[in-house]
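Colleague: Protein sequences, first through last, are from chains R and X.
Residue numbering for the first sequence follows my numbering, starting at 1118 and increasing by one per position.
Residue numbering for the second sequence follows my numbering, starting at 15 and increasing by one per position.
Derived by calculation from the structure, the hints in this document are not laboratory data.
Careful: at least some of the hints might be erroneous.
[What the hints assert, rightly or not] No more than 16 Å apart at the CA atoms, straight line, and that leaves these computed lysine to aspartate or glutamate pairs for EDC-like:
1) X:K275 <-> R:D1259
2) X:K235 <-> R:E1369
3) X:K270 <-> X:D125
4) X:K275 <-> R:E1255
5) X:K235 <-> X:E142
6) X:K235 <-> R:D1259
[To be verified] What the simulated footprint calls covered on chain R by chain X, stretch by stretch (three residues with Cβ under 8 Å from a Cβ of chain X suffice, anywhere in the stretch; the number is not a length):
7) 1217 to 1225
8) 1241 to 1250
9) 1323 to 1330
[To be verified] Far from chain X, by Cβ distances over 10 Å, these chain R residues were calculated:
10) T1126
11) T1238
12) T1341
13) T1358
14) E1369
15) I1391
16) M1398
Cβ atoms here follow ideal geometry from the backbone N, Cα and C, with glycine treated the same way.
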Amino acid sequence: MTTLPDVSTHAVASARWRPGEIAFWIVVVACGFLFPSRYLIMTDIVRLALFALSLDLILGYAGIVSLGHAAFFGVGAYAAGLLALHGIISEPVLALVVAGFAAMVLGFFTSFLVIRGVDLTRLMVTLGIALLLEALAERFSDITGGTDGLQGIEMQPILGHFAFDIFGKTGFFYSLIVLFLLFVLARRIVHSPFGLSLRAIRNNPLRAAAIGIPVNRRLIAIYTVSAFYAGIAGALFTQTTALASLDVFSFERSADLMLMLVIGGTGYLYGGLIGAVVFKMLQELFSTITPQYWLFWIGLVLVVIVLVGRARIHRWVLWLPNLIIRQFAGRRAVVVVPESDPS
Amino acid sequence: MTSLFTILFDGVAYGMLLFVLACGLAVTLGLMNFVNLAHGAFAMAGGYICAVLVNNSGWPFLVALPLAFVASAAIGVVLERALYRHLYARSHLDQVLFSIGLVFMSVAAVDYIMGSSRVFIKLPAALEGQFDLFGVGIGRYRLMIIVICGFLTVALQLILARTRFGSRLRAAVDDPRAAIGLGINVPQVFAFTFAFGCGLAGLGGALSAEILGLDPYFPLKFMIYFLIVVTVGGSSSITGPFLASLLLGIGDVAGKYYVPKMGPFVIYTIMIVILIWRPNGLFGRTAAR
């Protein structure tokens, strides 16, 4: 009985906002003002960060390996595109939420398939669902525009006031605000007792069940939430680029997403955000060196990361920042290596 | 009626081909419990080696086929010793990431060396065209595939069930620690099996250039098919993946013939339904423990 208060104080202490986190968001907002010529690529990074965040919720916190997360991204993207194209809901924020719910419904129903079976079956089922949706989108080309994609989407001003401009400034700040709000929500979720129970499930489902956690229900819940996040990311993609094509469902998109998350580190919320920044920069770098064969270098990065070991790389990366933090704020403030991944 | 038999025949040929392509994966994934998404890359390697030998160096097709097998097996054994063996004990996530990385590298590398267009292998005249058997059109090339693959299947089954090496492999898979204790060189057995599986994939890649098409995106396009064969087939024996390949082959050919507009939809639906119904595959014990 004496351990109970300890657990809760520990949980509350770890949920507190740290100076480093506040600094992170200040830097992100500052980037928006410092590089006005780079809005398009920064918007892309923000979208990817949200998408990576959604995968982190199921992979890093619940231990579900998914190869088809692009399915929800794609549903969100097409939902937002169709809503705007046919003028069903012309207000972007409302359309964003509706698109997110569309993906969420799909996530809820497919979660029953995903919680059955082991890792391998999950890989297959998630991959299968994404491929199935891609095939469906191609088949019903009268609705989705087939291989040409949805064209001629015109976005209305956000909340009726802020029109999307040609430089992407509105789009960037719009995406950033959405990312921040959803990040705060995700942060609340993972630090809640619900989030703690998810980590217990990831570390050992059998033991989690033995101490009374309803494993399947929790997994369904987080999978559904994650689908909602991915749907919002997809909808942001459509709204800021005014485009939705078949490649939103592609396997490469799911694979890139995994790479992003692995670069940043799974199991802590900033992993996806940092990973998205690093991934986009790597992609830009490689495609300027070899425009056609950048895929090779991305593959090499993946292989090297796995062979060296993900935990070891994160220790190296964090070595210098921690050295600085230790000088100023003492030993307790250092950033720790994220928790180990599910095996 | 005749078209039904022709579809059945084409489906069987297609299924046999898938089996040869995927049975190496059945061993690594099902028996050694290693998620190797890069299996298609070895098939592609075999296909391209065969194409270069036949088209550029003028070798006869039937001589180039065994060479595709040997070359892919050699690539397989080098990669297994250099990279794969470090990852046997890692999590599935690491294995997935690693093998996706390999796929990306192989796609870009082949694109760089061979170009991105589809490659055709010049076939000897004896293998082209088809003949009629009781009114059923039978393609010579497909008949050859069925003969080769049928022979390989029987040989594999015999090796696994009857030979010393087969019993060693089964022992190493069932309980590696006990197998080491009995004096079986488990890493060697695994390396040899891996190389053999890669060789078969290479042979399958060379055979499939005519039917499936060979281009740098081969490993990505057919990854799902290989995985279906293994997950649906289970891995207690060679029979499971074999039946699953036949089912997949016939289903895909029939689906494309009768409901061409639905495309690959049929196959994915069947797969998802089967995996919901039997998460561990149709036949035998679990595909991954």
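Colleague: Check each numbered hint against the structure and report the violated ones by number, ascending.
Modeller: Violated hints (numbers, rising): 3, 5, 6, 7, 9, 11 and 14; every other hint is consistent with the structure.
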